[in-house]
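Protein chains: 2
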Amino acid sequence: MKVIRDPQKLGRLIKEVKRKGKSVGFVPTMGALHAGHLSLIKEARKENDFVAASIFVNPAQFGPAEDLKKYPRPLKNDLLLCRKQKVDLVFLPDQQAMYPQGFVTYVNVEELSNRLCGLSRPGHFRGVATVVAKLLNLIGPDRLYLGQKDAQQAIIVQRMVKDLNFPVKLRVLPTVRQEGGLALSSRNVYLNASQKPQATVLFKALSLARSLIDQGQTNAERIIRRMKELIARKKEARIDYVAIVDLEKLNPVKKIDQDCLICLAVKIGKTRLIDNLVITHEKN
Amino acid sequence: MKVIRDPQKLGRLIKEVKRKGKSVGFVPTMGALHAGHLSLIKEARKENDFVAASIFVNPAQFGPAEDLKKYPRPLKNDLLLCRKQKVDLVFLPDQQAMYPQGFVTYVNVEELSNRLCGLSRPGHFRGVATVVAKLLNLIGPDRLYLGQKDAQQAIIVQRMVKDLNFPVKLRVLPTVRQEGGLALSSRNVYLNASQKPQATVLFKALSLARSLIDQGQTNAERIIRRMKELIARKKEARIDYVAIVDLEKLNPVKKIDQDCLICLAVKIGKTRLIDNLVITHEKN
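Protein sequence lines, in the order shown, are assigned to chains A and B. The opening position of the first sequence corresponds to residue 1134 in the working numbering, with each subsequent residue numbered one higher. The opening position of the second sequence corresponds to residue 1134 in the working numbering, with each subsequent residue numbered one higher.
Incorrect hints may have been included.
Since the list gives no way to pick out one identical chain from another, each pair is judged satisfied if it fits inside one copy or across any two copies.
Dumping the calculated DSSO-like pairs for lysine-lysine here, alpha-carbon to alpha-carbon at most 27 Å [unchecked claim]:
#, residue 1, residue 2
1, K1179, K1302
2, K1135, K1295
3, K1142, K1387
4, K1302, K1175
5, K1403, K1361
6, K1302, K1142
7, K1151, K1367
8, K1135, K1387
9, K1387, K1151
10, K1295, K1361
11, K1368, K1155
12, K1337, K1361
13, K1219, K1209
14, K1295, K1155
15, K1403, K1382
16, K1148, K1295
17, K1179, K1209
If you're looking for bench data, these hints aren't it; they were derived computationally from the structure. On a predicted model such as this, the values are computed, not experimentally measured, just so you know.
Full structure from sequences and hints, please.
Next comes the structure, spelled out in structure tokens:
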């Protein structure tokens, strides 16, 4: 496994790989790898000749009051995990290499970036789109792997790939959960012992929504109200948003009569967690 | 010579070309080709195995009050010229193919886009950066050819290529001029018989600046004043801007003691023309 920090060195290596006609799968990460990331890497390993992962805590997607500094960086273990999964290349740039002095170019996926998580994290998705554009240009993968847990991110990246004609196929893989349903996230390490059980309330609220829909409820507002009531029972839970939106424009839907995304962001203590569930109309 | 309108068909062809290990040179144009464009194509022909040109009047870079509709589109002649220069591929998409419904992603080269031409053409360089990003992704060239006449455009595209890590080398080739010094532009056809001689005043003003500098003048403000006086003598000339800026950030310079760009935009009647001159410090 090669670990490369220098973008230009990366470019040369990738050129070599492509000259050999190898297909390239790419898994972008901020490190602190968990079983969710590993499921992406495993799928990439299955589908491609060459697997590249990146580990880069991208400052452009953190707000000034957010957790950029304390975001976990267990680099040694991350590299160990990558090696175990037979990753061919880990790209490990520093901030200076990615955002050198004079950097002024940003990719904006308008409309989709200012709702849901974008409302409480202004600039976040601009940072995501920009760094993904950079990484796609650096690595030139045939396939890009993202997790469904970050549903809005996946939808925004898909939109960017389509709009800017990136020659890559996006694969979005299911959220990996631990016992109790908590979606795996690198930020789960912030939760203390009393918060951990409370954090399962996101999945419980989604499960409640699912069962209401299965029972025939189609009124989005009522489903959201029931979810909010459930979450409010947890002492340390503060709701950022609970929403039911369409999958294309992320506009709120009133009636569950089309494919839609039920998504929520909840703070447990100081830790902001997100989760979501896709409802496909055929299932109703 | 292949003429391709469909982006997906283009993608398949380009993949084929790359699989053969051919180098690709790309000349993006809005058509109405003149000797300036042809100089780019000729250079691309010299330096690459495969030459692609695009002809697309990009609506995203026109303001609502600008000349999108009346912009010249002599397609038949353009294709003839491309064929003569042994272009391998002309990409000729329509608006719908480039900006399908739901399109929301834009590339912004901040700071550099809001000065000089960007002041009187808000959104123009966002449109340029976005379409160039799209075309680079569609064509994946090794080398991209632009003209020095659009100096700010070249600087902005260079910045975007660097910031977003596009794996392409930008080549900026000298402005081609007709007798009297008028820089070739597809918009010159808008000039009537009495305006044409007046339009040479842009080049005359630049030549004056050059001779003042050669005589030892280093005060940017004085040079600009002299240029403006010269232009003001032409009846139908209205100055948009005359500026002397650095080549990196396009900030105004006070003293000509570094590499800089002398640039101007002047309306001759209703036709907005631009021109520029790079001063390299070594020459002074």
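Checked hints:
Only within a single protomer do K1179 and K1302 lie at most 27 Å apart by alpha-carbon distance; the minimum there is 15 Å, versus 34 Å between protomers. In the homo-oligomer, the alpha carbons of K1135 and K1295 lie at most 27 Å apart only across protomers (24 Å), although the nearest pairing inside one protomer, at 30 Å, exceeds that limit. Neither within a single protomer nor between protomers do K1142 and K1387 lie at most 27 Å apart by alpha-carbon distance, with minima of 51 Å and 39 Å respectively. For a Cα distance limit of 27 Å, the shortest separation of K1302 from K1175 inside one copy, 17 Å, qualifies, whereas the shortest one across copies, 35 Å, does not.
With identical chains, the CA atoms of K1403 and K1361 are at most 27 Å apart within one copy only, with a shortest distance of 19 Å there and 60 Å across copies. When the C-alpha separation of K1302 and K1142 is checked against a cutoff of 27 Å, the pair qualifies both within a copy, at 25 Å, and between copies, at 16 Å. For a Cα distance limit of 27 Å, the shortest separation of K1151 from K1367 qualifies neither inside one copy, at 52 Å, nor across copies, at 57 Å. In this assembly of identical chains, K1135 and K1387 lie within 27 Å of each other by CA distance neither inside one copy nor across copies; the values are 50 Å within and 49 Å between.
For the homomeric pair K1387 and K1151, neither the shortest alpha-carbon distance inside one copy (48 Å) nor that between copies (48 Å) is at most 27 Å. In this assembly of identical chains, K1295 and K1361 lie within 27 Å of each other by CA distance neither inside one copy nor across copies; the values are 35 Å within and 46 Å between. Taking CA atoms no more than 27 Å apart as the test, K1368 paired with K1155 passes in neither setting, with 52 Å inside one copy and 63 Å between copies. Taking CA atoms no more than 27 Å apart as the test, K1337 paired with K1361 passes inside one copy only; the shortest distance there is 11 Å, against 71 Å between copies.
Proximity of K1219 to K1209 under the C-alpha cut-off of 27 Å is restricted to the intra-copy arrangement: shortest distance 16 Å within a copy versus 54 Å between copies. Taking the closest pair of Cα atoms, K1295 and K1155 come within 27 Å of each other both inside a single copy (23 Å) and across two copies (26 Å). Taking the shortest Cα distances, K1403 and K1382 never come within 27 Å of each other, neither inside one copy (30 Å) nor across copies (41 Å). With identical chains, the CA atoms of K1148 and K1295 are at most 27 Å apart both within one copy (24 Å) and between copies (18 Å).
When the C-alpha separation of K1179 and K1209 is checked against a cutoff of 27 Å, the pair qualifies only within one copy, where the shortest distance is 24 Å, while the shortest distance between copies is 49 Å.
Hint compliance for this structure: hints 3, 7, 8, 9, 10, 11, 15 are not met, and every other hint is.
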